[in-house]
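All chains should be modelled from the sequences, with the hints used to inform the complete structure.
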Amino acid sequence: MSKERIHVGLEIGTTKVCAVVAECGRDGEIRLLGVGESPSRGVRKGEIVDFQNASKCVHDALADAEERSDQEINSVWLAVTGSHLQSFNNRSSISMPEDSEITEKEIGDVEYKAKEISIPKENVILHSIIQRYYVDGQEGVIDPLGMLGAKLEADYHIIHGVMTRIQNTIRCVKEFDIEVDDVVVNSVASAQVVLSDAQKQAGAVVIDIGGGVTDYIVYHDGAVRHSGVIAIGGDHITNDLCIGLRIPITRAEKLKIEEGSAFPGGHPHGEKITLKNDTGFSGKEIDRDMLNMIINARVAELFTILKKRIHEVVPEHLLGAGILLTGGCSMLRGVREVAETIFEAPVSLAHAHSVSGPTSAFENPQLSTCIGLVRYAQAVNADMPEETLIGKFKKLINFNLGL
Amino acid sequence: MSPYPRYQEPAKESVIRLIGIGNAGVNITDRLAMRAALSVHTVALNSDQQSLAASVAAQKLVLGPMTTHGLGAGGDPERAIDAARESLGDLQQVVSGADVVILCGGLGGGTASAIVPLLAKMAKDKGALVSAVVTSPFQFEGRRRTQQAAESLSELVKHADALVHFENDRMAELVEPRADVAETFAACDGLLFQAIGGLVRILGSPGPLPIALNDLLTVLRATKGGCLFGCGESEGANRAHEALEQALRSPLLDRGRLLQEAGKILVHLSGPSSLTFAEVSAVMNGISKSTAAGANLCLGVGTAGDDSAPLIVTIIGRTGVEEKKPCLPPALPIEAKQEASVPVPSLAPPREEMPSAAEPAVPSTKTQKVKQDFLPLEPIARGRFEKSEPTIVEGEDLDVPTFLRLRIKK
Chain F
8 MSKERIHVGL EIGTTKVCAV VAECGRDGEI RLLGVGESPS RGVRKGEIVD FQNASKCVHD
68 ALADAEERSD QEINSVWLAV TGSHLQSFNN RSSISMPEDS EITEKEIGDV EYKAKEISIP
128 KENVILHSII QRYYVDGQEG VIDPLGMLGA KLEADYHIIH GVMTRIQNTI RCVKEFDIEV
188 DDVVVNSVAS AQVVLSDAQK QAGAVVIDIG GGVTDYIVYH DGAVRHSGVI AIGGDHITND
248 LCIGLRIPIT RAEKLKIEEG SAFPGGHPHG EKITLKNDTG FSGKEIDRDM LNMIINARVA
308 ELFTILKKRI HEVVPEHLLG AGILLTGGCS MLRGVREVAE TIFEAPVSLA HAHSVSGPTS
368 AFENPQLSTC IGLVRYAQAV NADMPEETLI GKFKKLINFN LGL
Chain B
1274 MSPYPRYQEP AKESVIRLIG IGNAGVNITD RLAMRAALSV HTVALNSDQQ SLAASVAAQK
1334 LVLGPMTTHG LGAGGDPERA IDAARESLGD LQQVVSGADV VILCGGLGGG TASAIVPLLA
1394 KMAKDKGALV SAVVTSPFQF EGRRRTQQAA ESLSELVKHA DALVHFENDR MAELVEPRAD
1454 VAETFAACDG LLFQAIGGLV RILGSPGPLP IALNDLLTVL RATKGGCLFG CGESEGANRA
1514 HEALEQALRS PLLDRGRLLQ EAGKILVHLS GPSSLTFAEV SAVMNGISKS TAAGANLCLG
1574 VGTAGDDSAP LIVTIIGRTG VEEKKPCLPP ALPIEAKQEA SVPVPSLAPP REEMPSAAEP
1634 AVPSTKTQKV KQDFLPLEPI ARGRFEKSEP TIVEGEDLDV PTFLRLRIKK
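Protein sequence lines correspond, in order, to chains F and B.
First residue of the first sequence? That's 8 in this note's numbering, and the numbers climb one at a time after it.
First residue of the second sequence? That's 1274 in this note's numbering, and the numbers climb one at a time after it.
A portion of the hints provided could be inaccurate.
As the list claims (entries may be wrong) - Computed far set for chain B versus chain F, every beta-carbon distance over 10 angstroms:
#, residue
1, A1326
2, R1417
3, E1424
4, A1459
5, H1514
6, E1515
7, S1554
8, R1657
9, S1661
10, T1664
Unchecked claim - Dumping the calculated DSS-like pairs for lysine-lysine here, alpha-carbon to alpha-carbon at most 27 angstroms:
#, chain 1, residue 1, chain 2, residue 2
11, F, K261, F, K23
12, F, K128, B, K1562
13, F, K283, F, K261
14, F, K23, B, K1660
15, B, K1660, B, K1562
16, F, K63, F, K261
17, F, K279, F, K291
18, B, K1660, F, K63
19, F, K279, F, K23
20, B, K1660, F, K261
21, F, K181, F, K63
22, F, K158, F, K122
Hints are computed from structural coordinates only; laboratory data are not their basis.
These numbers come from a predicted model, not from an experiment.
Here a beta-carbon is modelled for each residue, glycine too, at the ideal position from N, C-alpha and C.
Right, dumping it as structure tokens:
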């Protein structure tokens, strides 16, 4: 029971494949042992489009992680994303014989009923996350186990996606005889290490802007209220620059990282950036105003869409803990400022916390999802799930891998 | 007037006049005129004497013989206007005394671009119900024609009660890529002909279950969304199925997919006296499978006196008609029963000429173009996302750089 367990989180991202090996102590402590990375190929918008190349990258990343952590990897927790993921909230209820005690069985029944909803037949439910219970109409019941009642109701947040697309990601890993413990949606994983319990209670949004997609999840009153994916990411900014400035894609990527800013202003008007010539590229002068305008347009649009979606569920003024940005693209200069002007709420950059290990690893927002996977794994495996930080996740459905 | 039989007043016969304007208009008028059973008074109007000579219209009118010398307006609306000035008296006469005027023509050229809006205004001033069925030119015909068509259309919208507008570009999808030019143009004319014919049938065919003018106008007059049209015709044992298939396959329905988005749909079946209730219900079931759950279906059934007529299924719908769900949403079951038990054909007799039917009123100005608005005006730059699944949010392709889309909007 007190044995420490090793968990591995793997994310096959659009920009890179990351594997995090961590040791989870009984007391909830997580210690990072090693991080393996490999630039990603064959992945577009968070989904695999070139299976051979993608699995090669997965192999490289896992091998790298094994080497750095000195651990053999047998199974991984896998993050999935993609625009096919959808979510909604559903309430279910069961009635029980007069004043009987609520047991595990009743709680299981009510969850089972919550999942009896119609989703497209090619889809499969990935998560059903409890939001709150009601016992005989009494609101705000956190854990009804052992209570008396005649009617048990429960609100669930359900995330579902297209079965075959999820299976492709899984197969990419299984090629190397590595088991997949479970698949976890990106945003759910990121939130585990980015948000503290207090922030979840106060209301917060985690926006994970990656290379190909942006995942977001909204917490309020300690429960997930909304989650989703928009297939827009850092790649889009690069692509916009490539088209708008007429420069090759590799130069556009470099320019974005080295010079780009999402927030216009803060530099002398009319300033130019000189791109040195290179094989097949004759060099060019780039107008900084233009560069930042293009990035700003894209980033502002993304936040505007997110704001609209979030507003439908939880108005901004109820988000006490504000908005937390993570993911590789959150490192782009000015993104936080743009987010602040659009959301009109406090915005901060966030990365994994309450883990120990090399600082460079957990402070890197690109690894939030991977580290989140480990935390998630720990929560699921904890012997007494109620005591873990995220006891509300204890009712996970194990996704049937179907392979 | 035939179109509104259920509430009809003792019926003074309404005079319906179909006026074909310009070469395309005259062609279509001819097609309609040759098709029997449509008792419309047709007028062919052109500045080109040659095309008129070949026409079979009941009345022919050369526009401005002195101005153009019967050689046509040469694609110049100014000249057509000059010609119209010369023949002003004739034009007045053509539109006067009609209760319903249907104008048809291919916008973009000289004559139709100038004369269709002009006649619409004149007819309107005379108190007639004006409807126009027009096409806009192929993209390859050049900017100038496209522009002329657009100007003409915006003028027309002000005067016509109803407007059905098709884009040739879209209709060309009807024909196979290898079809020759004549075939393609013929197919476009054919589609126009079908549209007018469909409307005439809807308003004109005798019971047992007519569609009210009101319903038709609701569908065609909505200000938002695109106009959907599909028509199929078949005879023989499996006619219900075949006609339905044909109708759904119409390119203007995008192979039936657009029906999903239609808020209100009129379905009209016109068939021989042997048309059975089972066939009606089979067709309607087929259609309701393709429509959204909340769509408002209006059914009309007309039967001919004899047994030789083919079964014709006509579908007219409009996307974006909001959820008012006005009159008869559960149209199918209820009306179907009506049809069986309460033949309402009562008013049929006066309608002999109903053909001219009500105006296919698509008010649509800008909207009328089915999905055509999506035709790319210029190559869309998606860069490296060219081959990947597009990210569509609220109808916008987000793979296209934001700054480009913003600029386009401005």
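Consistency of the hints with the structure:
| no. | hint | result |
| --- | --- | --- |
| 1 | A1326 | holds, 55 angstroms |
| 2 | R1417 | holds, 30 angstroms |
| 3 | E1424 | holds, 33 angstroms |
| 4 | A1459 | holds, 42 angstroms |
| 5 | H1514 | holds, 27 angstroms |
| 6 | E1515 | holds, 30 angstroms |
| 7 | S1554 | holds, 27 angstroms |
| 8 | R1657 | violated, 5 angstroms |
| 9 | S1661 | violated, 5 angstroms |
| 10 | T1664 | violated, 4 angstroms |
| 11 | F:K261 - F:K23 | holds, 16 angstroms |
| 12 | F:K128 - B:K1562 | holds, 18 angstroms |
| 13 | F:K283 - F:K261 | holds, 12 angstroms |
| 14 | F:K23 - B:K1660 | holds, 20 angstroms |
| 15 | B:K1660 - B:K1562 | violated, 32 angstroms |
| 16 | F:K63 - F:K261 | holds, 25 angstroms |
| 17 | F:K279 - F:K291 | holds, 10 angstroms |
| 18 | B:K1660 - F:K63 | holds, 22 angstroms |
| 19 | F:K279 - F:K23 | violated, 31 angstroms |
| 20 | B:K1660 - F:K261 | holds, 23 angstroms |
| 21 | F:K181 - F:K63 | holds, 12 angstroms |
| 22 | F:K158 - F:K122 | holds, 18 angstroms |
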